[in-house]
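Undergrad: Dock chain B against the given chain A, drawing on the hints supplied.
Listed below, chain by chain, are the residues.
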Amino acid sequence: MSSEQDHLKETDTEARFDFKKEETSAFQTEKGLTEETVRVISEDKDEPEWMLKRRLRALEQFQEMPMPTDWPGQPDLSEVDIAEIVPYIRPDVDVRAGVDDWTELPDEIKDTFDKLGIPEAEKNALSGVGAQYESEVVYQNMQERWEEKGVIFCNMDEAVQEHEEIVREHFMTKCVPPSDNKFAALHGAVWSGGSFVYVPEDVTVEMPVQAYFRMNSEGMGQFEHTLIVAEKGSEVHYIEGCSAPKYSAFNLHSGGVEVFVGEDAHVQYSTVQNWSKNTYNLNTKRALVEAGGRMEWISGSMGSKATMLYPSSVLKGRGASDNHITIAFAGEGQNIDTGAKVYHNAPNTKSTIESKSISKDGGRTNYRGLVHIADGAENSSTAVECDALMFDNESTSDTMPYMEINESKVDVAHEATVGKIGDEDIFYLQSRGLDDDDAKQMIVSGFIEPITEELPIEYAVELNRLVELEMEGSLG
Amino acid sequence: MSSAQLPANLSEQTVREISERRDEPEWLLEARLDALDALDAIDLPDVIQTPGRRWTNLEALDFESLVDPLNQADETERTADEGVDVLTFTDALEAHPDLVESAFGSTIDPQENYLTALSAALFTTGTVVYVPEGVDAEDVTIRAEMNSRSLFSHTLVITEESSSVTILESIESGAESDDARYFSNLVEIDAGENSYVQYGSLQNLAEDTYSYSLKRADVGTYATVNWIEGNLGSRLTRSDVESELNGDSAETKIVGAFFGHDEQHFDVNARVWHNAENTTADLVTRGVLDDAARSVYEGVQDVGRDAWNTSSYQRENTLMLSDESEADASPKLIIHNHDTEASHSATVGQVDQEDLFYMVSRAIHPEKARNMLVEGFFVPVLDEIDVDEFREDLEELIAARLR
Numbered sequence: 001m002s003s004e005q006d007h008l009k010e011t012d013t014e015a016r017f018d019f020k021k022e023e024t025s026a027f028q029t030e031k032g033l034t035e036e037t038v039r040v041i042s043e044d045k046d047e048p049e050w051m052l053k054r055r056l057r058a059l060e061q062f063q064e065m066p067m068p069t070d071w072p073g074q075p076d077l078s079e080v081d082i083a084e085i086v087p088y089i090r091p092d093v094d095v096r097a098g099v100d101d102w103t104e105l106p107d108e109i110k111d112t113f114d115k116l117g118i119p120e121a122e123k124n125a126l127s128g129v130g131a132q133y134e135s136e137v138v139y140q141n142m143q144e145r146w147e148e149k150g151v152i153f154c155n156m157d158e159a160v161q162e163h164e165e166i167v168r169e170h171f172m173t174k175c176v177p178p179s180d181n182k183f184a185a186l187h188g189a190v191w192s193g194g195s196f197v198y199v200p201e202d203v204t205v206e207m208p209v210q211a212y213f214r215m216n217s218e219g220m221g222q223f224e225h226t227l228i229v230a231e232k233g234s235e236v237h238y239i240e241g242c243s244a245p246k247y248s249a250f251n252l253h254s255g256g257v258e259v260f261v262g263e264d265a266h267v268q269y270s271t272v273q274n275w276s277k278n279t280y281n282l283n284t285k286r287a288l289v290e291a292g293g294r295m296e297w298i299s300g301s302m303g304s305k306a307t308m309l310y311p312s313s314v315l316k317g318r319g320a321s322d323n324h325i326t327i328a329f330a331g332e333g334q335n336i337d338t339g340a341k342v343y344h345n346a347p348n349t350k351s352t353i354e355s356k357s358i359s360k361d362g363g364r365t366n367y368r369g370l371v372h373i374a375d376g377a378e379n380s381s382t383a384v385e386c387d388a389l390m391f392d393n394e395s396t397s398d399t400m401p402y403m404e405i406n407e408s409k410v411d412v413a414h415e416a417t418v419g420k421i422g423d424e425d426i427f428y429l430q431s432r433g434l435d436d437d438d439a440k441q442m443i444v445s446g447f448i449e450p451i452t453e454e455l456p457i458e459y460a461v462e463l464n465r466l467v468e469l470e471m472e473g474s475l476g
Numbered sequence: 477m478s479s480a481q482l483p484a485n486l487s488e489q490t491v492r493e494i495s496e497r498r499d500e501p502e503w504l505l506e507a508r509l510d511a512l513d514a515l516d517a518i519d520l521p522d523v524i525q526t527p528g529r530r531w532t533n534l535e536a537l538d539f540e541s542l543v544d545p546l547n548q549a550d551e552t553e554r555t556a557d558e559g560v561d562v563l564t565f566t567d568a569l570e571a572h573p574d575l576v577e578s579a580f581g582s583t584i585d586p587q588e589n590y591l592t593a594l595s596a597a598l599f600t601t602g603t604v605v606y607v608p609e610g611v612d613a614e615d616v617t618i619r620a621e622m623n624s625r626s627l628f629s630h631t632l633v634i635t636e637e638s639s640s641v642t643i644l645e646s647i648e649s650g651a652e653s654d655d656a657r658y659f660s661n662l663v664e665i666d667a668g669e670n671s672y673v674q675y676g677s678l679q680n681l682a683e684d685t686y687s688y689s690l691k692r693a694d695v696g697t698y699a700t701v702n703w704i705e706g707n708l709g710s711r712l713t714r715s716d717v718e719s720e721l722n723g724d725s726a727e728t729k730i731v732g733a734f735f736g737h738d739e740q741h742f743d744v745n746a747r748v749w750h751n752a753e754n755t756t757a758d759l760v761t762r763g764v765l766d767d768a769a770r771s772v773y774e775g776v777q778d779v780g781r782d783a784w785n786t787s788s789y790q791r792e793n794t795l796m797l798s799d800e801s802e803a804d805a806s807p808k809l810i811i812h813n814h815d816t817e818a819s820h821s822a823t824v825g826q827v828d829q830e831d832l833f834y835m836v837s838r839a840i841h842p843e844k845a846r847n848m849l850v851e852g853f854f855v856p857v858l859d860e861i862d863v864d865e866f867r868e869d870l871e872e873l874i875a876a877r878l879r
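Chains as they are written, first to last, in my numbering: chain A, 1 to 476; chain B, 477 to 879.
There's no promise every hint is true.
[Unchecked claim] Examples of chain A residues toward chain B, derived with CB under 8 Å:
id, residue
1, N345
2, L370
3, M390
4, D392
5, E407
6, V410
7, A413
8, V418
[To be verified] Mimicking SDA-like on lysine to any residue, the simulated pairs with C-alpha atoms at most 20 Å apart in a straight line are:
id, chain 1, residue 1, chain 2, residue 2
9, A, K420, B, E753
10, A, K420, B, Q826
11, A, K409, B, Q826
These are calculated hints, taken from the structure and not from any lab test. By construction, the Cβ of each residue, glycine as well, lies at the ideal position given by its N, Cα and C atoms.
Only chain A is shown next, with the shape it has when bound in the complex (with noise of 0.2 Å):
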């Protein structure tokens, strides 16, 4: 490992939870949600009276809709009072778009982010970094030569203003409508900050962008929105990060994530999500994927109370796919319930999903997912792959697959397996010399190798930490 990567380590992920900033800011938005509410958060911003519009109809959708509350073994959400969420909070920074430059930061912001190592992550591997503080994006930077290609990578609310035409396409319409769950609904009327990204026809963005979302407010909602729309031919790779510090009431994050593969595009969209443990983290992910364009999720969870999390693809064209790489860390209290979905609605399309999930120490994991083949897209074939590691018989993991078949051409497979970590391995690597908490952490390090090296190393080496630390807390 370079010396230049070793802050990251160093940096002592711990610390992300334990550190927390005074709030002092500019403009905050009475708790619980109303139409005044909503109609605050759009003038604030100076939004269009199409967006206005949008947010009203996705409220009132969302107070039409239950609460999910029959998914067999599905997390406990009794406790997320929407009440008692202020849905938005503006730091106090003078820039509205956020600043491209990171000494422009007021310190306490850079600060905060500083501890998570987001600017020395810019130096050293990415091509460009946006950074939320809460509702709003603080800082924003994109590498000039992407920008010369026409690559467009900006805050979300900026992206309303500046290209309205394309966002008015495409935000939370065609693919992620607030209709979709109450979630996406409350996500639709509050949303505030995320990133847009636009890659113009054939350009490869060969570096990943970055995003890094962040909620240092108690009691808070984070609702950022991200739109990503790769044109015909074009390829890029977009991470996001999340973390939040540690507070005793709870902390409501439920993200929008839309992204549009045109053909023969590709995109991959990585997360790593460590929100702190009293955080409910309730997204909505969702990709349509054109003819022979590729989508592939790549998700950590490790964080938050408890996750409903399943990223999704429609493959719209023929020759379309999808690969899901998926993780999950259930520890003391959580419950992490996430998993993939997948619609094949055109032929020869290809789907493969592999779940890795860790629990121990009461958490429940459970892969809860979807494949649904259309009649008429034949020669599809899908791959579904879960394995599941348990450390106690306290901890629960379970595993929910859905088929639904309507095509004879097809190639459907799914396996699933759960055990506990083998007695030979472990002896096996004590014979070596390692002691019990080594050798268990070594089998686990291995357990999930097919998705760190999927992540640039950073990240890998931030998502082995997080799991190591998740280890060390069961040992004390």
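TA: Okay, now just chain B, sitting in the frame of chain A:
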């Protein structure tokens, strides 16, 4: 989900009349009346739902027209082996009153759902198989023919310590009918310590019949219960086959086969609960779908907190012969103890094109080759059957459907 409507032709009086005609003891009448009372408040069995889709529409069952409680008729032949009692439910009430009273409702709570309650309130036929300690019985058969618009049946199997029994139960329809029909069957097995039960069931009802069956075993220490469930007939079948491994070292196999054609709908489910130490389960289901037939499968392997050293396996394979058919599957693992080796797999696909090519290149007619491959597909299920007669019946029905 709201529960189905109470059929208008159903009242306390109807239930009393059924019970009186059969000269039943007071406890059974009470159990029937309690089940009837409960109907208002309980739901239909759970059905899998995914966004925008409900896998089986049980709400569409119109019990008003399907159920004719006072005119149930069946013809059932029972054969027994030496030392084992194979009795009609009514005869068993005479011969083994205490045994029947304690076994009835012990593994299936009559008020578990709307369909079990309806069945418990109205059943007029059924069988009790009682295998005393140490008795080994083979070739117990229960062959039933349904001769009315609706028929409700209740079967009890009780095996005492170190006994064994193989049972074949079959159900088919008698005379043709112009109306839609409804068949309901609840089977409870109480497998005592170190006993062995193989319960084979073959459903080949007329294709205007809606059928519901729930079969559940309480498997004791060192005991084994193996289920074989064959579904070929009916318009719509909802079948649940379940084992509760309640004793240490208990074992179960749930083997299923279905073959749907035309507009048939099979909702088949295999579930196992590992509630004790050193238990083993193996769930194997194979199904073939032709025409516009549809299958829905749920397999559940539930490993409890105290189920140390569990082994649990599940395989489900569906072969689609037609583009109009649909196969839905959901194999589930619910694991609460890490000292477990569990796996499941499911596949859906068509007849292997390479296999087909190989056979055609050996001068076998394509249709014959396909049929041979379909018959071969069922072999892993057929191999599990202990009773020759059952295996032959199933083979014949599969072959007949391919002609």
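Undergrad: Check each numbered hint from earlier against the structure, then list the numbers of those it violates in ascending order.
TA: Failing hints, ascending: 1 and 10.
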